[in-house]
Amino acid sequence: MNMRANFESLTTLMRSGDNEECWQKYYSEDVVRRYTNVKPWVGRETCRQRVQEFLDGLTSTPRVEWKTVAFDDDNQVSIFEIYHEFSHKAYGDIRQTEVHVQRWRDGKIYDESIYLMPLNEEADSEACS
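Counting along the sequence shown from 1, when you hit position 49 you're at 32 in the working numbering, and nothing is skipped either side.
One should not assume that every hint holds.
[To be verified] Straight-line Cα separation of at most 25 angstroms, BS3-like style, residue types lysine-lysine; simulated pairs:
#1 Lys8 - Lys72
#2 Lys22 - Lys72
#3 Lys91 - Lys50
None of these hints come from the bench; they were simulated from the model.
The whole structure should be built from the sequences, with the hints applied where relevant.
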């Protein structure tokens, strides 16, 4: 599969809520994930656990609105922007825009940078998934 097809499959899987399969199928073992103002997470299992901890803290179904998707086929990069609204036990009510920059190698994401832009004053920059 090419990067675009993998991206489409990953987003479909993400929407289904299968966090485990997302990580196993589409992220390399040595993936590095960076969030705005947060120390990088290194390794697929570390990233998977941190995301699962975040998901376990949600108090309702989050609202996600996809805004933009772009691809750089030559460099194997996918970029997407979403509006994300959620309630969380630790962070409260959050409204933010997120931009994800994903670098692919051998059909898997090996590097992902996630830029968070809070849309409410109460937003905590570490409230991320």
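Numbers of unmet hints, in rising order
Violated: hint 1 alone.
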